[in-house]
Amino acid sequence: MKSKFLMSVAALLFSVTAQAAERVKFEMWHGLTGDLGGVVDQVCKRFNESQSDYEIICTSQGSYDNALQNAIAAYRAKKNPTIVQIFDAGTLDLLLSEAYVPARKLMADNGYKINWDDYIPAISNYYANSKGELNSFPFNSSTAMMYWNKDAFAKIGKTEAPKTWEETFDSLKVLKAAGYECPMAWNYDTWPIMEQFSAINNIPVATKGNGYQGLDAEFIVNKGQFVDVIKSLKKAYDDGLVKIKTPDTGATIVQAFANGDCQVMLSSIADHGTVGKTQKPDMQWDVAMLPTLAGVERHNSLVGGASLWALQGKTDAEYKGAAAFFNFIAQPESALFWSTNTGYIPVTKSGFEFMKTQGFYDKAPYKGRELAIASLNASPVNENTRGIRLGGFVQIRKEMRDALTDIFANKVSVEDGINSAVDRSNAVLRKFEKTYAGKMLP
Amino acid sequence: MEKRATFSMGWLGVLFILPQVLLVFTFFYWPTGAAMYWAFTLERPWGGGNEWVGFDNFRQVFADRAYWGSIFRSLVFAASTATLSMVFGLLLAVACDRGLKGYQAFRTIFVWPYAVVAPAAALAFRFIFAPEAGIFSALVKSNHEFWNPAQNGYHAMAMIIICYSWKYAAYCFIFFLAALQAIPRSVIEASALDGAGVLRRIFDIQLPLITPTFFFMLVISITDSFQDSFGIVDVMTDGGPAKATELMVYKIYFDGFRGLDYSGAAAQSIVLMLIMMVLTFFQFRYIERRVHYS
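Protein sequences, first through last, are from chains A and B.
If you're matching positions, the first sequence starts at 1 in the numbering used here and goes up one per residue.
If you're matching positions, the second sequence starts at 443 in the numbering used here and goes up one per residue.
Read the hints as simulated data drawn from the structure, not as lab findings.
This structure is a prediction, so every number in the text was calculated from the model and none was measured.
Glycine included, every Cβ here is placed at the ideal spot set by N, Cα and C.
Among these hints, one or two may not hold up.
[As the list claims (entries may be wrong)] With a straight-line cut-off of 25 Å between C-alpha atoms, the simulated SDA-like cross-links for lysine to any residue are:
1. A/Lys439 x B/Phe482
2. A/Lys243 x B/Asp498
3. A/Lys280 x B/Phe617
4. A/Lys79 x B/Tyr695
5. A/Lys79 x B/Phe469
6. A/Lys243 x B/Val677
7. A/Lys163 x A/Phe337
8. A/Lys349 x A/Phe328
9. A/Lys431 x B/Asp498
10. A/Lys411 x B/Met599
11. A/Lys79 x B/Asn492
12. A/Lys208 x A/Glu133
13. A/Lys131 x A/Arg386
14. A/Lys439 x B/Val495
15. A/Lys349 x A/Lys158
16. A/Lys439 x B/Val677
17. A/Lys78 x A/Glu49
18. A/Lys243 x A/Val174
19. A/Lys131 x B/Trp488
20. A/Lys411 x B/Phe482
21. A/Lys234 x A/Lys280
[What the hints assert, rightly or not] Listed next, with one range per pair, are the computed distances between beta-carbon atoms:
22. B/Gly544 x A/Thr340: 53 to 63 Å
23. A/Lys280 x B/Met719: 33 to 43 Å
24. B/Gly496 x A/Lys439: 38 to 48 Å
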């Protein structure tokens, strides 16, 4: 009896190891954690269960920054993973390197036909090279939205979110008068107020088509209406209509909005799920497209998030696995799974259509998320709305954030603060240009 | 004839020191050499060519007002944390050495902060000092004029200095207590018999006798504050508001690892290394003269 049992255990073990040995293993590093990281793990698990040839091992690196830094270190030591998730602002450095396998080549080499036109234009154009070809796969994608508290707006007799900035400031004033301590929460984040604002109102952030046409682009936000909107925002702050909410003050804007303290915030659609899960019970709220300037035709907003890159130096078998994984996540069913469990939006038209036919957007808690797609599709993509492709953009964002912090602490005037941030940003750009001297933007 | 145990073969000696030399080489000279090289070139993050630019990176760093600001802040941080942590460490050590009531328990408790890793300590202090949610702001009735480290740079700086000193006072405490207890009891008893009071004994006997420890702690506190501050700044303020707590080591991290400006960060590391060497040199040259080792 006993020996029989042992033998069957041995046979089982043998079959398990034999099966495992047949599967080609490859790694993916990503930067998502917590809930979102868990969903990535589930996606990987679904892929592993969907076929028996490959096994993807997904590892969170803790943050976008860490994923990028660790991938660079690993690549330099020739120990890099097959796939890495790189956030929007890290795209340019990788694009200028020889460290990746272009997405088109990877899929063609491995016999997959991908309909590249299926990607939502605002998303594919953001990541594409100058020829309009994608070198990486758009993965978790979002855009900025205005979150507004319906209960509070109902109290001041409004059933719709403000559509223009002028209307927004008027509503904030009325909300304040109606006794709301914090009409709008703000956190110095440049993404909605500078980047998205410029795209929606069709204003250039930098010369050379926001940097897409050459590394010699110059940062020029100090020349446009960005200065005006910051002036209005500063005035609203001085009047007590806008409150600063950062982790340093004790609550983030998302927490302040979800618990009902603040009535308006500008944040990523990816926070839609978090707000829903952490909100004050029975609070009525919704999202709306970011406001435009009065009299300006709305243009498409920018995609945020990250894309997946295949890195150099792997075996053909591993690339085959990577291609199979990319093909898997491009399926509409994967899009539905991904968007249901995170706040991210589908990246393809077919994924979006599939989700619509499944009735995803018809009911709470997902209702409203279709507005993010509408925002991305608000107009055909042009030079000012394609995206921002500037070197050292992480530093540029920080310079602008520092300037805004100084402006709101009354240390410097709006013009002087923005001008000096722009000067410092241009120094970053020139250094970046010199670092890649002789390199053409692919 | 006298018999001595010596190794006649020179290579055996080389073999014995080899592991140590290898360690120092791998973890100090090699990275320093790489940083040196990067500091004089423009390094692309994903590799693929770098160009020799001479002193350009250094020129750029020194032409940047923000960089001088970070040097100044690092010096202020070093001076204030060294003073605070040594004063408090010494006070607690003297109290424990005196054998005040319950000192056995306190001796253990006072060491604990040093065992807390910097980011954990920083997280706790961030909660305490958060202007809208913290315990401290509850005490000051959430008066944003009085306390707002999220917007006021001086407050933010004070906050990281307090957090760092809290942790390092424990470190100083260990060394001071050990030094105090190493003083022969007979010396103190003799002075007590001569009628010297507690304070007189501390100032005339104990403190002069622990000056070597004092000097050691000064050098260590200052050098450590340049490097070890990173975890606290990163968790508590991210160098903000508006660079008000951007110390040299945090700026190196941000420019290098987040901004991917490897060359600029390498140049800054070289400058930081030089500053620490100069500071240590001056301490040995001028302060050590006042130290009595026996």
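field: Holds or violated: A/Lys79 to B/Tyr695, with C-alpha atoms at most 25 Å apart
entry: 23 Å, holds
message: Next pair to validate is A/Lys163 with A/Phe337; report whether the Cα-Cα distance is within 25 Å.
response: 32 Å, violated
field: Restraint status (C-alpha distance of A/Lys431 to B/Asp498 at most 25 Å)
entry: Roughly 10 Å separates the two Cα atoms, so the pair holds.
- request: With a cut-off of 25 Å on the C-alpha distance, tell me whether A/Lys208 and A/Glu133 pass.
  value: 19 Å, holds
message: Check whether the Cα positions of A/Lys243 and B/Val677 lie no farther apart than 25 Å.
response: 22 Å, holds
message: So if I understand the rule, the pair passes when the alpha-carbon distance is 25 Å or less; does A/Lys78 with A/Glu49 pass?
response: 29 Å, violated
B/Met719 and A/Lys280 - C-beta distance against the hinted 33 to 43 Å: 56 Å, violated
Pairwise hint evaluation, B/Val495 against A/Lys439, where the allowed Cα distance is 25 Å at most: 17 Å, holds
Given hint B/Asn492 paired with A/Lys79 - CA-CA distance at most 25 Å: 21 Å, holds
field: Straight-line alpha-carbon gap A/Lys131 to B/Trp488, limit 25 Å
entry: Status holds; Cα separation ~22 Å.
- request: Could you tell me whether the CB distance from B/Gly496 to A/Lys439 stays inside 38 to 48 Å?
  value: Since B/Gly496 and A/Lys439 have Cβ atoms about 21 Å apart, the given range 38 to 48 Å is violated.
- request: For the range 53 to 63 Å, tell me whether the beta carbons of B/Gly544 and A/Thr340 fit it or not.
  value: 59 Å, holds
Hints 2, 3, 7, 15, 16, 17, 20, 21, 23, 24, counting from the list given before, are not met by this structure.
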